[in-house]
Amino acid sequence: MKCVILAAGEGKRMHPLTFTRPKVMLPIANKPILEWNLINAIEAGIKDFIIIVGYKSEMVRNYFGNGQRWNVNIEYVNQGRAMGTAHAIGVVKKFVDSFIVLSGDTIFGKQDIENIIQNENSMGLIKIDNAEDYGIVEIDGNRIVKIYEKMQRPFTNVINAGIYHFNKIIFDFIEKTKKSPRGEYEITDSINMMVKDNEMQGVFLSEWRDVVYPWHLLDANEEILKKINKHIDGDIDKNTMIRGDVIIGKNSRILSGSYIEGPVVIGDNCKIGPNCYIRPFSSIGNNCHVGNACEIKNSIMFDNSNSPHQNYVGDSIIGENCNLGAGSKVANLRLDKKNIKVILNGKKLNTKRRKLGVIMGDNVQTGINSMMNIGAIVGNNCFIGPGALVSGELKTDSRIE
Amino acid sequence: MCGIVGYNGFRDANNVLIDCLKRLEYRGYDSAGVCIVGDKLQIFKDVGEISKLESEIPDFKGDNGISHTRWATHGAVTKDNAHPHVSCDNKIAIIHNGIIENFVQLKEELIKKGIKFYSKTDSEVIANLIYDNYKGDLKQAVTNAIKRLKGSYAIAVVCDDEPNLIVGARKESPLVIGVGDKENFLASDITAFLKYTNRVLYLDDGEVCIIKKDAVKIFDEHDKELKKQIDLIKWDIKDAEKSGFPHFMLKEIYDQPDTIHRVFMGRISEINRTVNFHENIENLITKDINSIHLIACGTSYYAGLVGKYIIEKLTKIPVIVELSSEYRYFGTKDENSLVIGISQSGETADTLAALRQGKNSGCKTLVITNVVGSTATRVSDAYILTQSGPEIGVAATKTFTSQILVLFLLALKIGIIKNSIGVDDLYNYILDLKELPKIVRQILDQSKNIKEIAVQLKNAKSIFFIGRGINYPLSLEGALKLKEISYIHAEGFAAGELKHGPFALLTNITPVVAIVTNDLTYNKIIANIGEVKARGPQVVAIADENDTEIEKHADFVIRFPSKSSILSCIPITVILQLLAYHVARLRDCSIDKPRNLAKSVTVE
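Protein sequence lines correspond, in order, to chains A and B. When we follow the working numbering, the leftmost residue of the first sequence carries the number 1, and every step to the right adds one. When we follow the working numbering, the leftmost residue of the second sequence carries the number 402, and every step to the right adds one.
Hints were generated in silico from the structure; no laboratory data involved. Small disclaimer: the values here were computed from a predicted structure and weren't measured. C-beta: ideal position from N, C-alpha, C; glycine also. Treat the hints loosely; a few may be bogus.
What the hints assert, rightly or not - Interface residues of chain A toward chain B, partial, derived using beta-carbon atoms under 8 Å: (1) K31; (2) E58; (3) E75; (4) V77; (5) N78; (6) G80; (7) R81; (8) F383.
Extracted from the complex, chain B is given alone in its bound form (with noise of 0.2 Å):
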């Protein structure tokens, strides 16, 4: 995830820039890069924190400019790779967010015009393929360009020879305009210039703009001129970190349509009908894995959990879950079984030392983590990144599916490989990843009927989660959520385990939330709503759309669409995150930082 900023206006565009990029700085931080456009395009740009880039730019004159920040999530964090990239004559410098799809094919067709590459990136690429569009007019230059590129983007461009204007485009990443009084902004988000102006238009995918001083022009994807209403923001700069939200938990949920495309986009191909991973990980994983250790603390290791029936099912390969911290003692150590960590910031002390044990054993290690250059991607032999952008709120949220949707797509291409799974399934399955942003969204749509469950969950002194086959995972997570924001003690059960002992504990005044999927076990779930309703609580089912019976057990339904059984855990993982989050807000916690615990555990 990166943050881009363009400023076009009366101001030194250097310090409104830096300024701009400071707020963004939630957007990661890894390297950065302004270029203002004076009497030529003047760039500065270096891997280090904002604040090192604010004492080292020279002073640069200008008042427009565009800069950006970057957090890896392709490719090393070094000079080269920071952006603003520029054109081969240096005359077009852009910034961009996103990643883009063809970029091999359109170098290479740029490499044979004789145009020079300096870097890796695929950002260069776009400001070449902009340079061979050129023809005098900016404009035009970048909507020609852009309909060649396939992927996401969103770009900020600037050229040498119209130093009047920016021109921005987007695609499936995030860029707003800010209305200003003889300026104007453009951004990743509204935060960046929140400070100057509240008064924003939103850019809409395939739209491309043009920034001058005292204007600002939106055109469609036939080049059509769009008349657009200007928002006006009314949450203020205090609130601006979390865009507007209350909390970055409750932010980050909502980022989940977003992660969670991040997660696949790049690595399927409908076309081709595959999955595709780094070279260093397909090395990785070989025919002769005879067995896959998951090895993870806290939310990971729930992942870990839902990855294993996933895993199982798509494979055939058997899946052993293990907590970090065990399986560094006691864990069976096999060369022939590829031990997977996953940890978000990649620093999780337990894991990284039980990735240590594994390696030394001699078995292949993988790391699934959320933060480019964390100690995990250096000890391990390979790792995948979740690409989820920084998450703040100590209760994992956006990680968490973003972590199984990884191990879905490692489920994938094992079974490729395997040739345990159908060419015909793996079709349904990528295009079954395709709907889920969509279906998060309509989840998220529901905060408002989940937020009057939670209502009657609030003043509870225990809660029970209970599930059958991959939704017992999910109990695990629900409660865990829950417990770490609300303060309320929950326990997550297997449905089947009730009455093998926690019914002991159960009492009219425990409620109870069940996960129900229209799967093999329907109706023995049912029977377990039955068993419970029969001692007195209250049962909260998260149930399929389709499914009419559920009414007649529980006292509650939570909705999810109805798709792919096996994806169905994303979007019941969304309503129990909201469901946390709502008693916790209904219960006035500290929801950001519960007490006693700590986003990144060091220690072990």
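The following block holds chain A by itself, in its conformation from the complex (with noise of 0.2 Å):
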């Protein structure tokens, strides 16, 4: 049985922090999202992968390799041009017999995972509040009847969680498959017409995690750090506390004075403190500095990023390359307590999140005292001169005074 995984997209939504890396190449918990599903997908049972990939397709093969790392064997097919799920499963054509597919983006559990496998021409569901946002799925005991497109005002909600399990039939629906009104190859037409004459069965799931808007890194953040076990390889001095479940990665000095209440995880070659409180669900890359007097929370830290002295960084995101003038701070709360709004493309977007900071890029830089306001967005390669003030959207290349 062989796993294909969607892992081609740029992930748009996901600016600034696809500029740079593929959407599921993003860091939770100090894995790329691909290989969390990647790993569950091992525990189920799956020894051969092949990856679709497309943007920035060399991080996804750098990182993973022929998956020796893992003991199976990963396979690569581009897809070349960018059109559309139908578009992208019907690439691997001539490799696969039957064969899973899953979304690299969304996070699957290993049980619903095995559960797929069982049952040939079958799909996962999941049900979820807001289900105008996804492909909304008719049902008629376990059989699909149809998948309709994002509507405004839902019949049920059932929806499409993007993992399945196909056979060769699928391929030539695939082929009779027509653009779509936004211009893509969706395979939920092809679902579509294949069970007009050919039964597919819907597997309800019991983990499911969609990653879409940067924030949703946080949630996904959150609940894998709630099911890691503790592991200690770094240095930890005398005078630290360290509570609940914490990893520390090879290399990792903990200095005197620092407070690290789990789940929290922390990389490799890092230096922690003096003087440092970090909060649970809080993910630290490797090669990061955080200093005296700093305070993390539920917050996702890149490679090499820096948060030095006094800095507050709360249920933000700050990525690669990043470095926190002293005195750097995050609001993350606003005075009313309302839900959080962003800009992100130009677009205004409720997060229906009461906490987040910010989103930060690669390569920002912020001066000393500056501050960054609920839910700003920061592109790469910002300047942040000090004593400012950043709200709303900074475009990459910007620079503040």
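With the hints as a guide, dock the two chains, each given alone in a separate frame, to form the complex.
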């Protein structure tokens, strides 16, 4: 049984984080989203993978290689022209018989993958609250009747989870699929044609984490950190406090006065402390520095970034190679406690979160005592001058004084 | 210039090849064709754009094939001349970019062996030469065949009997290999396949490669297999048409070693010590010519001014350079004068009108253009192609140097006919020409230094360019390039003229770019620099690498390699282009599309 993972997309709704990496390579709990899927699929018994790559394919290829590190066999196929999910799956026609397809940017559980494997010609379903944002699935018992694209007033809260078990028949329908109104070949259209004469089973999933916008990384991060077990490789000084499940990578040093409250994961070669406070659901990448009088809470810090002195970072994402100046702080809660709205790619969006700090791209430098307001989005390579206030969306390569 | 693509993989080759060809459309687009290896070779080709090919092509099945887009430099734009070309038994199909110089001899040889030909192209000769060498191993046949070829080529070959592979080879024309997953590519340019893979292998001159679905093999000219390192391309598809350069103008500046080579390739013969043009052109150049009129606009006009110095020096015939819009109404038309129009696009309305005027007055007319089939090629008695490939940046760069070189070749030809040039001189000029691409590469390597000097100029309100002799029109061109893309006011002056007026405008904040060559005016130009320095401005000198004096006089010096003084106009031009480019870049100007300007001016 081969597992085809769709990993070609750029993830425009993840800007600015995906300007420099494909969506599936965004880190959650210090591993790319794609790796979590890979691990779960391996645990469900899969040994052969085909990863469909496209946007910045070399990053996926360099990280996963031929799969030796996981004791599995990984092959790659480049999607070429990005023309939708049906096109992406159509590309592997010559390499598969009965196969699993999963969206590389959605995290699926091991048990659910196993259930899908056992049902040839099936697809994963999940019940959610905000079904209007997804493909709605009409079912008759367990049988798929039709998949509808986004509906304003969905008649059910059962949606398409983005995991499938197909056999060769699907390719006949992929070939017949026409472009959708948004100009792509959609696998849901192929499935709708197929289920007219071929039975397809719906399998309800127990776990499902969809990652669309940057702040969803924080939710996914929290879910995964809840499952981790304590594991310490680094050096811990005297007079530090490490509570709960904390992972500390190789060559990382935790200096005196640091207070770490799990679940927290800290990568390799980090310098943490002295005298800092790292709160639950924080992931700190490799080669990072969190220094004196800093507080990090429910945040993701990518590799090679520093929060060296007197910083508060809450409910935030800090990209690679960032440096926060002394006293740079992040606001993460509105004074009126209302949900936070952000501007992303020029569009105003309700995050439905009460707490959200900054989404910061790569190579950002902030000056001393600069302030990032709630829901600020800072593009790559920005310079934020001393004492500056950042609100709304700051485009890549901006400077504010 | 043509574009070629080969694909061997798991997708429908038809779709992939056409998709890739579209990315090469910038290399040319007058005809296109594909060959898909299925049960037999399936070929479709036609005149027109690639989108036309796409809509008309039959639904060929197969996952191995080759395709070609043509931009005629030789021969008419016809379906027969479009690629792929097949061998006489229809079993071997090839696509070719380049020019085979000895194809006439090879063709005669093959005809003697009883092989029939259906087109007049040099490419069909390659197909049959491979057929003639084929003994069941396509790679071996190609290896043997290319040993016989003189000239330049990038070829991709497929064979009915070996449906699982493509064989490629190159010499002096570009060919790169794209290494994919379960699929591999071959193309003139990375742009073609970048959507499918960003891992490439570069093929060097004389090498042969085999492209299979799951393997690529490269062999050197001695048939020894080579292991090459795969390169990862960092730029993405949006930058691709510019081959990774930030602007078309810079790409085109960097194209010049190739475009220069293309101008003289096939036209000069080192062995026979002569220059050859098409017979239409040779018929025009007779001993009776007593003067030459060069008519053109804009940058082409400056190429004409440079040409005047070259032609007069080599042929002793007087040359009158006129702006097309002036010549048309006011120029003297003499029946014994050869009128040469210069137009990159061949559609410049002023030049077309002037040419028609000249022709109506009984003059012989010749056109130097970059576009096959353009109006200018039809209104004139004969035409010479610069073969520079499409130029997209509005500021002309590679076509300017090619125009000068065409005029240089013409001057040599007239010199030969008029007996005004000695055999040894001619031989030296031919050798100097062949050195030019290398010299231009040396200039391009200096781009960083030129950028540093551009920093000194970027805030100027006005800049003077000065030179004497052939360097005077180069000063005009240097000033034109700078003003059209950086919007800094710039003027070119004959250095001796400064004191007759322009000095009134010279202040200590007007930088001066001086072109200094080691000729009989050397001391004069040094004196002119002295006059300039006395008024306080900074002087940037463009000088010969052996000039040890110049540092004493100028604030900054950009060097060009010492060679024939007459051909140093080419490296100097490239320096001026890079200088203008870097100044405009530092000023954040819209380099490829300057305000108020159009590439081809079709209004009078």
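Right, here's what the structure says about each hint:
1. At about 24 Å, the closest approach between the beta carbon of A/K31 and any beta carbon in chain B exceeds 8 Å, and the interface hint on this residue is violated.
2. Evaluation of the A/E58 hint against chain B yields a held restraint, the C-beta minimum of about 6 Å falling below 8 Å.
3. Given hint, A/E75 at the interface with chain B, holds; its Cβ is 7 Å from that chain's nearest Cβ, closer than 8 Å.
4. Interface restraint check for A/V77: the shortest CB-CB distance to chain B comes to about 5 Å, inside 8 Å, so the restraint holds.
5. Below 8 Å, beta-carbon pairs count as interface contacts, and A/N78 has one with chain B at about 5 Å; its hint therefore holds.
6. Annotation: A/G80 was flagged as interfacial toward chain B, and the flag holds, the nearest CB pair being 5 Å apart, inside 8 Å.
7. The beta carbon of A/R81 comes within 6 Å of a beta carbon in chain B, closer than 8 Å, and the hint placing it at the interface holds.
8. With a least beta-carbon distance of about 18 Å to chain B, the hint placing A/F383 at the interface is violated under the 8 Å criterion.
Hint check: violations occur at hints 1 and 8; the rest are consistent with the structure.
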